[in-house]
Amino acid sequence: MKTIAIVGNPNCGKTALFNYLTGGKQKVGNYPGVTVERKSGYLKTSLLPEEVLELGAKTGEFDWIIVDLPGTYSLTPKTLDEAITRDFLMGKISGEKLPDLVLAVADMTSIERSLFLVLELLEMKVPVVLALNMLDLAKKRQMEIDIEELCRQLNVPICEIAAIDGTGVKHLVQTLITHEVVVPVISLLQTPVSTEASAELSLDLSARDAVVGRYRKVEAIFAKVVKRMPEPTAWTDRIDAWVLHPFFGVISLIAVLGLLFQAMFNWAAVPADWIKGAIKWAGVLLGNQMGEGPLKSLVVDGIFAGVGSVLVFLPQILILYFFIVLLEDSGYMARAAFLMDRLMGKVGLHGRAFIPILSSYACAIPGIMATRTIEDRRDRLTTILIAPLSTCSARLPVYGLLISAFIPNTKVMTWLFGGLGLQGLVMLALYFLGIVFALGSGLILRKTLLRGPKANLLMELPSYKIPSWRNLLFSLVERAKIFLRRAGTVILSLSIVLWFLVTYPSPDSAALKSGESAIHSSYAGKLGHFLEPMIKPIGFDWRVGIALVPGFAAREVMVSALATVYAVENKEAEAEGDSTEVLQKALVTEWSLATALSLLMWYVIAPQCLSTVAVVRRETQSWKWPAFLLLYLTTFAYVASYLTFHVAKAWL
Amino acid sequence: MKLRLSKMRKGMAGKISFIESNLDSAPILVRLMELGFIEGVRVELVREAPFTRDPIAVRVKGSLIALRREEGASIEVDVEGYQ
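As they're listed, the protein sequences go chains A and B.
In terms of this note's numbering, the first sequence opens at residue 1 and continues consecutively.
In terms of this note's numbering, the second sequence opens at residue 1 and continues consecutively.
The following block holds chain A by itself, in its conformation from the complex (with noise of 0.2 Å):
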């Protein structure tokens, strides 16, 4: 088994490369300790040339793994990614042994800076096979490149392709497997880097003039290999002109989110919808088969209506990374870093932390995971720790459910347009609220927990490029595997923690006659009535207290749990088809305006999803930062519906 490492610079289709050589069929992981991204992949047996599967066969030797290491500019390290790069090159990550051979993969188009890369490489003198790729392009703008001299002058196998349709693959394949690993020795290199203190930032001014004499020496080679530059991508520069335009880039921007969110809100309720018929569908079906008792029980109410509420949110997320996928791989996405880029930073952050806060908006497991794209560890961190206060789709439901049963549906402002509804704006400002609190709590935590040099901005805005449906397809897989593998095993473990603290003890007979509900006397009453003295100054008493309880576990479950807690979710009420609106009445009549109001506001601001806490945990490596989450938003949750219940006690 042989391992190659493929290094490149960002945007030089080394991700469409892997997805070519590997069939879409990879392993995606972390690094151990940190938080950056590892993939890896069987290389396709059917690249692979005859007459090494027929040796393969007898040997039973032709495995081999390649691994897509992060993009990066330099091996001088200055960001994590980077210094992983370098730390696997070395073979210095424990756990990873020495590739065999590193794939440099270089952007045809750009090529003075993906040799300025290369060099690097084979200063490091491991060995090394080049794959000049986007020769589409390269030709298409009548580039042209005399490549025997550019092996000469490298002394490395150079093969031409074009990662997004599959020319020169197959031969670069041959290439590889062929190509007799030996450390090349260049004459033309005399700079070698220090192979010391890997892992260190290099920040001293030695490394200015290694940049300088590397850049010399790729102007050199540059001279004699390439006799015609690429023409100007003027199609790039004309969409620019829109794009970053001072006027028509804002509203063409703003465009873009409207698109995006009507997406998230309006296209992803159908197959929502059909998910969650089909849950329920087989929920029934299974529960018909099995006879009356406690496993039907956990298997309907437990196991289904957990898993299930957190199935119904797979096309959202499906839908929100194809465009973010789409966005990215266009060219768009660092544009509208770029435009955002002087909003974020007021806060101190990165103007790529918006795609993370916007994608919360979706649910924050998946924006949490977009903040990977942002380099600097404290900007990272700080996105990370206010994405939750992104009003996410789980909080619909409950918001949804106490405005309509306490906002009065009438019409405020007549003289504007025949009024606005007071519902919408009520939902409105929650919203409002919820980018308010993230952009303060940034602001906050950047000038306390993790103040430091702000971050800086500095990236390439690449040529606009026509996905690959590929591309989008594979990565929307990955996605999609990687929640369902989250729900089938914390939530579905967490579901059925619930449904054992809401079902045991059972009531005894005396407790079900006197009429009281059978929550009543369950594990999570007794733990809303142990929670009460502390959420009383809040406005709520122990049966919001057992709602909490299971909607801590998702946000959404605190609508059913609530139903459950004031037993309305008796036949009757199912017979009428309308349960929700018998809980509402219920509501009214039980609580005051100043409790709905409080708990509307703890629900802005709590971290009630344990999802979110276990992907915290995930991305950061680390229960520090998770439990610190969990503490400062419930600490702010607190003071914030305190705030709320008195003033709106006093003045409503």
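Be a bit skeptical, because a hint or two may be false.
Said to hold, decoys possible - Derived PhoX-like pairs (lysine-lysine); straight-line CA-CA distance at most 25 Å: (1) A:K346 - B:K15; (2) A:K39 - A:K465; (3) A:K25 - A:K170; (4) A:K2 - A:K170; (5) B:K15 - A:K224; (6) A:K649 - A:K585; (7) A:K454 - B:K7; (8) A:K536 - A:K649; (9) B:K7 - A:K346; (10) A:K39 - A:K25; (11) A:K227 - B:K15; (12) A:K25 - A:K97; (13) A:K276 - A:K296; (14) B:K10 - A:K217; (15) A:K481 - A:K280; (16) A:K27 - A:K481; (17) A:K447 - A:K280.
The set of hints was computed from the structure by calculation and includes no laboratory data.
The structure displayed is predicted, hence computed values, not measured ones.
Given chain A, put chain B in place with the hints provided.
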């Protein structure tokens, strides 16, 4: 006319004449240089962000690099067409 990259306006172009080093700017400077910002290289400021004209997008060695104005403060450009 020699101008810092941070002071240039949209449409200005020229060769980099000098790069100031001090330890404060060392990490970002090395990154800028890796992206092609070295003495003698021609750069062109092609875009400015809306409202504040900051960040900016600069063409260098055939690619477009976005940076905040302060990040380009240590790069001096001999701007063409100005005496």
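TODO: Of all the hints given earlier, name the ones this structure violates by number, lowest first.
DONE: Of the numbered hints given earlier, those the structure breaks are 1, 14 and 17, listed in rising order.
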